[in-house]
Amino acid sequence: MPMADAVPAISIADLSFQFSNNTRSFSLKISSFKIEKGERVALVGPSGSGKSTLLGLICGVLSPLDGSVCVLGHHLEKMSGRERDRFRANTIGVIFQQFNLLPYLSVLDNVVLALEFSKHRHLSISNKQSKAEKLLTFLGLGEAEMRHQKASQLSVGQQQRVAAARAFVGEPPLIIADEPTSALDQDRQAEFLETLFSQQKANDATLLMVTHDLTVAKQFDRVLDLRDICDLSKNQVAGS
Amino acid sequence: MIVLRLALRSLRNRWVTAILTVLSITLSVVMLLGVEKIRAGTKSSFLNTIAGTDLIVGARAGDVQLLLYSVFRIGDATANITWKTVEDIKSRPEVKWVVPISLGDSHRGFRVMGTSREYFEHYRYRRNRPLEFASGEPFNNLYEAVVGSTVANELGYKVGSEIVVAHGTGRVSFGEDHKDKPFRVGGILKQTGTPVDRTVHLKMQAIEAIHIGWEKGSAPRGDNVRSAEQVQQLDLNPKSATALYVGLKSRMMTFSLQRWVNTYKQEAISAILPGVAFAQLWKILGSVELALLAISTMVVFTAFLGMIISVLGSLNERRREMAILRSVGASPINIFSLLLSEAVVLVLAGICIGVFANFIILYFGRAMIEEWTGLALDLTLITSSEAKLMVGIFIGGVVASIVPALRAYKVTLSDGLTIQT
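Chains as they are written, first to last, in numbering that gives the first Met the number 0: chain A, 0 to 239; chain B, 0 to 420.
You can trust all of the hints, since none of them are fake.
Just a sample of chain B residues kept apart from chain A, beta carbon distances all over 10 Å, derived:
hint, residue
1, Ser44
2, Thr48
3, Thr77
4, Trp82
5, Phe132
6, Val158
7, Gly167
8, Asp179
9, Glu228
10, Gln229
11, Thr296
12, Gly364
13, Ser383
14, Phe393
Mimicking DSSO-like on lysine-lysine, the simulated pairs with C-alpha atoms at most 30 Å apart in a straight line are:
hint, chain 1, residue 1, chain 2, residue 2
15, A, Lys118, A, Lys36
16, A, Lys149, A, Lys133
17, A, Lys118, A, Lys130
18, B, Lys409, A, Lys149
19, A, Lys28, B, Lys409
20, B, Lys409, A, Lys77
21, B, Lys409, A, Lys118
22, B, Lys42, B, Lys95
If you're looking for bench data, these hints aren't it; they were derived computationally from the structure.
Note that beta-carbon positions come from the ideal geometry of N, C-alpha and C, so glycine has one too.
If we strip away everything but chain A, and leave its shape as in the complex, we get:
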């Protein structure tokens, strides 16, 4: 039995991925890289280089053509689609660049949503809600009336914080963020990062975040440039 801490949060080996539709085709090859548990890693690289694709592979919504994607000791490439969905619900919190929330749900329900597909789904509604409320309060979205507002009525900064609350609710050990600060101004950016880091620390989670902003990247334990880890070959047929 290996010691729990010896298992890396993410480990990728000999990965190859291919995507094509009628407008373009794209492929990604990574020989190897690892992220240890509890690490904060900033993923950088030019746009279109496959950062989002890599996140998709780690989240298990995309399947590699070959090679292995191992998250917290679980080989995603050996799981069925259904198992990967369940695994993602239980172990990964995701924050997008923008439009993270379902516009027709309240703030509270948007956070609770993350529990509905996970191992926490069997909790009672009030139990789920109290989990979500605790987190919202921690992230400075404490006012009761705001929780019942439609998500679409919030400012962008507020929406991103709700998204963070959803990513962290249920305490998943891995947080994946895809440029979550790029839609925010300087002050909000700093505020958001601070929230993200403190919550990551509190949960003892691993954080992998894509960013374009080098000042943001500098605040991470490690900066990972996609160009350094992959043999990239991109093939634009038409358009972008």
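Place chain B on chain A using the hints.
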């Protein structure tokens, strides 16, 4: 569960489109049910045009033809039956009652029918409903007529109105009529929704009386002219009848009497079972209603097409939503079920509201429909044949819902967490 909850929330968010889609399904369901109700109502009222009569006897002809002229007053008999034959049938042991009818004349486009007083007693429609008088009563004397409700309404007749019978059945009189022997309206029947409504009933003897002197086929002249009063002194017993309604002592005897009639030597006559002949006739008419039903089914499918288009149209703007759901752990099957349940909710709502709306319309409109058309529709929320129709519609709706759901499934599989363009 969570998927259904999300579906309902999402529909509420897009309530204008949702309500319009439900409305179009509702309207098509109301139309389909309306057609089905009218079809069932027409069929049952048609098949029940005449009840209680076991056999109809007339000059030898096809079943449908005999039915057409004896019950619907459409077309003419090839020949009459002599009174000797009528008496022979009357004296058969199986026979309980015989009502003769005599056709051939008309009154302003309505058929005139000679018959006996027993007609008003034995004629039954819609499962044994007897004829009822709105005013007046059966003939008391020779020159009295009983008119159906449509005749009275269209021509504005009341008890006591005077009418003149035209010779022959043409809508336009040949100038030959029986104006020397006018009739008085003695009774008006209540509406039945059967050809009785469009009939002017006279006594058999009255038919004889107005034709005294017409033996050559045209109006009497000179010595042959008899006044209305003079005629009453003559022998007015009927010499013939066009057809007979026959009631039997027992239904079991129907076929033995029918065989006897059909093999009657003295005259070429035949007997029909009204029910059998009606079923034959319905086969011819039924296809019209099948066409109506087919058209309204197509309307329903048009509504479904609208639903597919509206759900498909929203799909592109919802790719973001699908990616969010995937990110929190929803499987492609969950996405498929979400889209499917949204569409199924719309279909189900459309069907339920449609059934209910149809009932409301029927509840308030039934009396009016019966008054205008004579069509009596049953007040039922849903009959078993309608329920079958609705199940069919529901299955069709679910199948239609699969189209956008499958599309969403494919899109979310290739999109994953980022929207691919």
